[in-house]
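Peer 1: Chain residues, written in single-letter form:
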Amino acid sequence: MSWTAAQQRPGGAATAPPILEMRGIAKRFGATQALDDVSLTLRAGEIHALLGENGAGKSTLIKIMTGVYQPDRGEILLSGQPIAIGSAAEAQRHGIAAIYQEPLLFPDLNVAENIFVSHQNRGVVTNWRKMFREAEAILATLGVTLDVRSPARGLTLAAQQSVEIAKAISLNVRVLIMDEPTASLSAHEVGQLFRLVRDLRDQGVAILFVSHRMEEVFQIADSVTVFRDGRLISTRPAAEVSPQSAIADMVGREMGLFQRRAPAPKGEKLLSVQGLGRTGVFSDVSFDLHRGEVLGFAGLIGAGRTDIGLALFGIEPATAGQIVLNGKTETIRSPRQAMSLGVAYVSEDRRQLGLSLPMSISANISLPVLSRYLTRLGLIRTSQERDTAEGFRKRLSIRTPNVELPVAKLSGGNQQKVMLSKWLNTHPALLILDEPTRGIDVGAKAEVHAMIGELAAEGIGIILISSDLPEVLAMSDRVLVMREGRQMAILDGGAATSQTVMTAAMGQEFAA
Amino acid sequence: KAQSAVTGGKAVDMVLLPKFLGILPFDQAHQGAEEAAKELANSKKLQYLGPTPENSVAGQIEIVTNAATQGVGAIMISNNSGDQIVPSAKAAKAKGIKVVTWDSPIPSAEGEDVFVAQVDFSETGKIMADMALSILGKDGGKFAILSASPDAANQNAWIDAMKNALKDPKYSKLELQGIVYGNDQSETSYNQALAMVDKFPGMKLIMAPTSVGIVSAAKAMQDEKLCDKIKISGLGVPSEMLAYTKNGCAPQFALWSFVDLGYLSYYTAYALATGAIKAEAGASFKAGRMGNYAITKDPTRKAGLRILMGPFSLYDINNVEAAAK
Amino acid sequence: MKWLQRHIRPEQVRELSLLLLIVAAVLIFGSMIDGYYTSRTFNRITSSVAIITVVAVGQTLVVLTRNIDLAVGSIVGCTAYFTGAQLAAHHGMPPVVAVLIAMALGCVMGAINGALVAYGRVPSIIVTLGSLAIFRGILIDYSGARTVTTDSLPKWLLELPRLNFVTIGDLDIRAMFALAVGIVLLFQIGTSFLNVARQFYAMGSNPDAAELIGMPARRIVFSAFVLSGTLSGLAGFMFLARFGSITVEAARGMELQVVAAVVVGGVNIFGGSGTVFGAMLGAIMIGTLEQSLFRLQISEFWRDAILGLLILLAVASDAVILNRLRAIWARTDLKLVARDSASPAEAKR
Amino acid sequence: MNIRARLLRWETLLLAMLVVIAGLNIAYSPFYLGVGNIVNLFQLSIEKIIVALIMTLIIICGEIDLSVASVMGLASCVTAWLFQMGWPMPWALVAALAVGGVAGLINGFWTAYVGLPSLAVTLAGLIGYRGVARILVEDRAIGGYPLWFNNLGQQPQFGPLTISIVIFLAMFAIMAVVLHRSALGRLVYVMGNNLQAARYSGVRVRRVKLLLFVASSMIAALAGLLYAARLGSVRGDMAQGFELDVITMVLLGGVSIFGGSGNLLGVGLSILVILNLRNGMGLADITGNTQTSVIGALLILSVLVPNMARMIHTRWKGRET
Ligand SMILES: Nc1ncnc2c1ncn2[C@@H]1O[C@H](COP(=O)(O)OP(=O)(O)OP(=O)(O)O)[C@@H](O)[C@H]1O
Ligand SMILES: Nc1ncnc2c1ncn2[C@@H]1O[C@H](COP(=O)(O)OP(=O)(O)OP(=O)(O)O)[C@@H](O)[C@H]1O
Ligand SMILES: [Mg+2]
Ligand SMILES: [Mg+2]
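Protein chains in written order, with this note's numbering: chain W, 1 to 512; chain R, 1 to 325; chain Y, 1 to 349; chain Z, 1 to 321.
If you're looking for bench data, these hints aren't it; they were derived computationally from the structure. Be aware that a few hints might be false.
Stated by the list, open to error - For lysine to aspartate or glutamate, the following EDC-like pairs were computed, each having C-alpha atoms within a straight-line distance of at most 16 Å: (1) R:297 to R:110; (2) W:269 to W:288; (3) R:95 to R:13; (4) R:142 to R:175; (5) R:44 to R:34; (6) W:266 to W:492; (7) R:44 to Z:285; (8) R:38 to R:13; (9) R:199 to Y:159; (10) R:142 to R:123; (11) R:297 to R:280; (12) R:246 to Y:151; (13) R:325 to Y:151; (14) R:286 to R:321; (15) R:225 to Y:159; (16) R:199 to Y:34; (17) R:45 to Z:285; (18) R:225 to Y:172.
Based on the sequences and whatever the hints tell you, model everything.
Peer 2: As structure tokens, this is what we get:
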């Protein structure tokens with residue numbers, strides 16, 4: 001790979017002229033001081049990584065750069081000139097574009113329209129043919145094949161993210177901000193994206209890159225800035241930072257990268273799936289899962305891992321094959337039924353499918369098992385709800401002043417924790433985790449991993465769907481690899497390495 | 001019997017309540033009532049209150065109820081609510097308020113003191129039959145009715161009266177094909193009139209006893225160049241009908257004076273409220289410029305009293321222009 | 001078939017399905033009613049649909065941006081009355097000026113609504129529920145309960161509804177209908193080929209995102225209401241020409257007819273999808289049902305019940321057809337994607 | 001806390017409006033404070049405000065029911081028709097409520113189980129149910145009900161209060177508890193906020209929707225019967241056009257038309273504001289379109305003024321820093 005080339009680039013980024021400078025920025029939301037006197041300089045031809053725990057203020061800073069929020073204090077300089085960024089449109093005129101943490105697509109517009117939606121200079125008349133062609137070309141440079149004519153509604157999160165990226169690089173930007181662009185990409189797509197980011201850097205674009213995946217950060221960044229609690233802790237060239245020291249800066253103490261989970265003793269057989277399929281989506285999937293076992297699902301975007309989860313949870317029931325749960329053959333037709341059988345599914349898309357954002361943390365956590373919180377008259381015992389939520393707040397260290405806060409007010413990672421709490425609260429026997437650490441910081445990730453270990457030790461069977469390959473490898477007893485809706489392999493703990501998994505996931509292509 | 005004298009100069013709060021606001025005939029009635037108010041030197045201002053058309057029933061009930069709360073002296077209602085107005089009218093009457101209906105009565109007559117009838121309702125049926133016969137000629141022919149809404153009490157009464165009149169052998173050549181409703185909206189009436197042409201084959205006349213319906217039907221036939229095959233008649237306002245009478249689409253139609261109706265209603269209500277007359281059959285009084293009127297039993301309803309204004313004015317090519325002025 | 005599926009989306013095929021439903025309705029009614037297949041039937045339906053269609057075009061634009069304009073009935077009524085009053089007072093007024101007056105008045109009223117929604121940030125349903133009443137109230141005060149009568153209007157205006165655009169064999173295409181179709185074509189082409197039109201769809205599809213990426217969100221919403229108002233003004237002029245005598249009650253309740261046409265025509269009431277052409281088909285569908293039901297020899301009192309049922313069935317069968325189409329499309333999509341991704345080199349070419 | 005503060009601000013605004021309106025009414029009309037007038041003030045719109053309560057739930061759930069007024073008409077026409085056919089009145093009433101339930105099942109089935117937009121379904125219902133009512137009574141006006149039935153709608157039964165007012169008060173209390181304290185209420189909010197998230201949480205969204213539509217139609221049917229009792233006579237056009245008034249009340253109460261937010265306190269206050277405003281204008285002899293225009297203007301201004309105030313506030317603050 002070309003990451004050594006990045007290290008050896010002549011000149012060094014620190015000498016390049018600054019394009020965008022943020023000085024002494026502060027921003028307050030009610031009681032939360034989201035940003036406190038932070039400064040950051042983005043230079044042409046430099047990839048600048050921004051690290052910090054969930055809620056450290058990364059997204060807030062980005063939204064200030066793109067004119068979504070106005071800072072309470074501080075100034076912004078573009079090429080040395082102070083500017084005010086009053087709106088997203090203004091930011092765009094200044095050549096600042098962002099890929100937000102949560103994809104912001106237009107579900108009714110087709111993929112090509114989505115990519116070109118913020119282009120102001122494409123003339124009066126839409127040249128559909130040209131637009132489709134260019135969209136396809138841009139996606140091809142990303143290594144993604146999508147039907148550019150189909151509406152964005154119903155795209156998987158990863159596909160949505162690809163469109164977001166295509167949208168940003170289609171603009172001729174001077175500053176490109178990427179807020180966790182890789183959160184739902186698998187290793188293959190990440191590689192493709194990085195090639196592209198480096199190309200852009202070499203063309204003199206300043207890039208701000210936010211990610212919770214340490215190994216990625218050190219693969220691509222030229223310099224690294226760390227935030228903690230809304231304050232700037234350090235800005236250093238990447239060469240001078242080690243993952244350990246960066247994590248120490250982030251959390252304020254020493255902490256290791258995640259370790260391989262110690263294999264636990266297997267319990268009795270919990271789930272047996274034979275020839276499962278859904279017409280046109282996936283087919284012929286067979287596996288067993290024991291109590292206390294973690295079965296990882298690996299594969300590229302759109303490989304069909306999520307669809308298996310949805311079938312087991314009854315959202316999109318399977319049309320072929322059989323499911324044996326606890327020794328009984330079951331046909332799962334609805335989520336309700338799945339829940340009564342002890343199945344829980346933590347969705348990959350927390351905004352659209354996972355959470356009711358305007359509602360409180362406690363209301364979200366109690367939702368699937370609301371009946372547990374009812375008096376005999378069917379009224380809700382809110383104090384009991386609160387107690388449960390408080391319990392999870394402590395257990396998963398959710399950063400929030402209180403559990404009555406609407407979930408929308410939390411940072412992305414903390415929202416993810418609320419969603420996990422919600423499903424843990426159902427006391428499942430079979431827990432399907434779809435991208436459970438998407439967008440959460442190293443500290444929290446470690447906590448989630450520890451929790452997965454604990455839950456498995458308690459005898460819960462866990463299906464772990466994740467695009468974070470190291471995570472899958474570290475956590476799983478066995479790994480099931482999917483490709484284009486078909487099951488390619490089930491690799492035992494020892495046999496599963498990134499090499500073997502990727503080979504299975506990509507067919508001959510990877511080997512070539 | 002002796003005429004009771006209606007002496008002016010007393011202060012009586014009076015409310016004139018049309019079916020709804022915004023339609024010419026009711027405004028004319030309002031003019032007539034104002035004229036009477038001036039003549040009678042009533043120091044209290046006449047309140048002309050009405051609901052919106054889509055809220056007519058609930059609105060009329062609300063206005064009557066509020067009038068009762070305020071304790072006005074008399075209320076004059078052109079009832080659009082059928083018997084649904086009865087509870088509120090009764091409540092008003094129980095508070096000593098005189099309830100006079102005009103243009104359209106309360107069908108059961110409950111809660112009503114007296115109805116000022118523009119014309120005799122059975123007479124209306126006969127007039128419509130006569131106009132049909134005179135337009136279609138001795139040989140008669142098929143015709144259909146374009147009414148306002150199925151809920152309009154006076155329309156229904158007139159149509160019933162016409163059906164009754166048609167039993168007379170004199171009209172044996174006239175054949176009623178059906179009734180259609182245009183809801184007193186020009187666009188609905190227009191579309192209904194057009195549709196009638198297809199629905200009723202051989203139809204030679206549309207009888208529209210509604211001032212909105214008749215104009216719309218005439219315009220529809222004119223637009224479709226059907227005026228020589230299908231004629232229009234019914235009840236209409238001369239100024240609105242002028243063009244169609246002149247071009248032969250609507251050779252003959254009828255109406256009464258709404259100004260006079262408002263004038264007479266005011267006199268009646270005022271006479272009742274000041275105690276000049278009692279609401280009982282046989283009472284009579286002099287209504288200013290219109291002369292003497294008497295209260296009689298209403299022969300067209302099972303119960304109730306009425307004062308009959310009359311007569312109809314028939315309009316055709318000879319007099320329509322003068323009346324339209 | 002593959003080519004078809006790549007170039008036509010299910011949403012476009014839905015319009016075809018609506019068209020098929022209309023044809024089916026016509027065939028069914030034709031077998032039930034003697035002398036149904038005449039130029040007169042055609043004329044009745046087209047004339048009755050023309051005005052609704054023009055208003056529905058504007059409504060579609062508003063609904064696309066995730067708003068609704070319930071004031072259209074009042075705008076049509078006001079412009080019809082006001083233009084009529086002006087024409088009655090100035091007989092010599094050239095036709096073009098009359099049309100412009102109507103459109104300008106509608107434009108102003110639409111701008112008021114649009115400003116309140118876009119810049120005042122008041123939800124459109126609240127604004128237009130309010131202005132529906134206020135515009136009508138102003139009209140009633142202005143008119144003093146008088147009616148614009150047919151014979152006070154200039155002759156050219158009254159001839160207008162009878163004017164033929166073209167005559168094809170037996171069929172007369174009236175100028176008013178041709179005008180409506182022309183407007184539909186204009187806006188259909190506009191909404192599919194103008195870049196600004198993308199913004200209308202984007203706004204309705206995801207208003208938050210639209211704002212976040214810096215679209216002129218307010219201007220888009222504002223212009224949708226202005227266009228809706230202007231088209232309603234034009235419809236007001238057509239209304240005046242067609243019905244001649246205009247009371248203050250003119251076009252009351254038209255908003256519901258228009259919304260029905262738009263909904264039946266497949267425009268998503270929550271914005272983002274649907275076409276002007278679909279709205280026209282919706283209007284034609286309802287117009288056909290209404291006019292044809294009248295011709296059936298059934299009691300007047302049965303009509304609404306049957307009409308309600310038929311509208312429900314039209315919407316339902318349309319949805320079912322659309323869902324089936326989507327399923328077919330989705331299945332082939334996956335295959336296409338699968339085939340492409342199997343040979344990335346080919347895709348890159 | 002923030003959201004609650006904002007909600008509170010909306011309700012405070014409504015309360016302030018109410019105080020101003022009541023103050024003006026007291027100042028300008030000597031009749032306003034009479035017990036009879038206060039009872040009338042409710043009684044004249046009682047059916048609409050009963051329906052507004054359930055409409056609140058429907059709209060918060062992200063749906064809409066345009067057919068309520070037609071169901072009101074249908075229920076009263078069914079009763080009248082059966083009564084005329086010789087059914088005993090109590091049975092006719094029960095049958096009417098059942099018909100209401102069936103109408104709700106139809107609305108709910110097409111909306112929840114087939115997945116059509118409720119706006120389209122209930123728009124068809126608005127036309128269709130009214131049509132069925134018309135088939136039943138045609139151009140007749142059917143009256144002559146037993147005295148007890150008419151008294152139900154017209155005579156005070158509980159002190160000065162009529163039974164409809166008591167039903168309204170009871171229903172308000174029940175709805176408040178259901179919406180704000182019960183599981184059903186919680187689900188209504190969740191579904192209005194994010195239907196997919198509700199589905200993925202195992203909420204039986206279709207069943208809840210069906211239940212709401214059935215409740216809506218049955219309450220509308222009940223309201224229709226109360227209306228029939230109040231008027232003592234039934235026609236085909238009973239309650240025509242009431243749906244817009246009902247929706248106006250709910251929206252003025254601060255309920256978002258897109259679902260997910262709003263509360264019953266706001267709707268209660270908005271009902272009081274509108275009824276007092278109507279009553280005051282009625283006593284001041286302001287009727288017809290002027291009245292509806294004023295309410296329309298109020299509707300717009302009540303949202304516009306706070307918005308403008310906030311905008312000016314933030315702009316001013318922005319200039320300061
Ligand atoms: N609109 C808002 N209103 C109130 N508080 C907010 C708002 N947006 C962010 N916050 C708070 O500001 C803090 C910083 O949030 P931000 O989203 O910037 O974190 P982040 O560093 O991007 O975290 P993550 O890695 O989880 O995405 C958090 O405590 C968050 O709860
Ligand atoms: N390129 C694509 N175009 C359209 N739809 C796609 C595409 N890729 C996937 N999908 C949809 O996504 C589903 C399969 O992807 P799914 O999300 O199950 O896979 P996954 O392995 O979980 O991927 P992810 O990494 O995105 O979670 C299918 O239902 C398919 O309709
Ligand atoms: Mg963030
Ligand atoms: Mg997935």
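Peer 1: Take the hints in turn and mark each one as holding or not.
Peer 2: How the hints compare with the structure:
For a cut-off of 16 Å, the pair hint linking residue 297 of chain R to residue 110 of chain R stands: about 14 Å separates their Cα positions. In summary, the hint linking residue 269 of chain W to residue 288 of chain W is supported, as the alpha carbons are separated by about 7 Å, within the 16 Å threshold. Of the pairs offered as hints, the one joining residue 95 of chain R and residue 13 of chain R holds, with about 14 Å between alpha carbons and a cut-off of 16 Å not exceeded. Restraint check for residue 142 of chain R and residue 175 of chain R: the C-alpha separation of about 5 Å stays at or below 16 Å, so the hint holds.
For a cut-off of 16 Å, the pair hint linking residue 44 of chain R to residue 34 of chain R stands: about 11 Å separates their Cα positions. Note on residue 266 of chain W and residue 492 of chain W: the hinted pairing holds, with a Cα-Cα distance of about 13 Å set against a maximum of 16 Å. The hinted pair formed by residue 44 of chain R and residue 285 of chain Z meets the criterion: a straight-line CA distance of about 14 Å does not exceed 16 Å. Annotation: proposed proximity of residue 38 of chain R to residue 13 of chain R holds, straight-line Cα distance about 14 Å (limit 16 Å).
For the hint linking residue 199 of chain R to residue 159 of chain Y, the alpha-carbon distance of about 25 Å lies beyond 16 Å, and the restraint is violated. For the hint pairing residue 142 of chain R with residue 123 of chain R, the CA-to-CA distance comes to about 21 Å; that exceeds 16 Å, so the pair is violated. At roughly 8 Å between alpha-carbon atoms, residue 297 of chain R and residue 280 of chain R fall within 16 Å of each other, so this suggested pair holds. At most 16 Å may separate the alpha-carbon atoms for a hinted pair to count; residue 246 of chain R and residue 151 of chain Y meet this at roughly 11 Å.
At roughly 13 Å between alpha-carbon atoms, residue 325 of chain R and residue 151 of chain Y fall within 16 Å of each other, so this suggested pair holds. About 31 Å separates the Cα atoms of residue 286 of chain R and residue 321 of chain R, which puts this hinted pair outside 16 Å; it is violated. Proposed proximity of residue 225 of chain R and residue 159 of chain Y is supported: the alpha carbons are some 11 Å apart, at most 16 Å. Simply put, residue 199 of chain R and residue 34 of chain Y have alpha-carbon atoms about 10 Å apart, close enough for the 16 Å limit, and the pair holds.
Taken as a hint, the residue 45 of chain R and residue 285 of chain Z pair is honoured in the structure, with Cα atoms around 11 Å apart against an allowance of 16 Å. The straight-line distance between the Cα atoms of residue 225 of chain R and residue 172 of chain Y is roughly 14 Å, inside the 16 Å bound, and the hint therefore holds.
In this structure, the earlier hints numbered 9, 10, 14 are contradicted, and the remaining ones agree with it.
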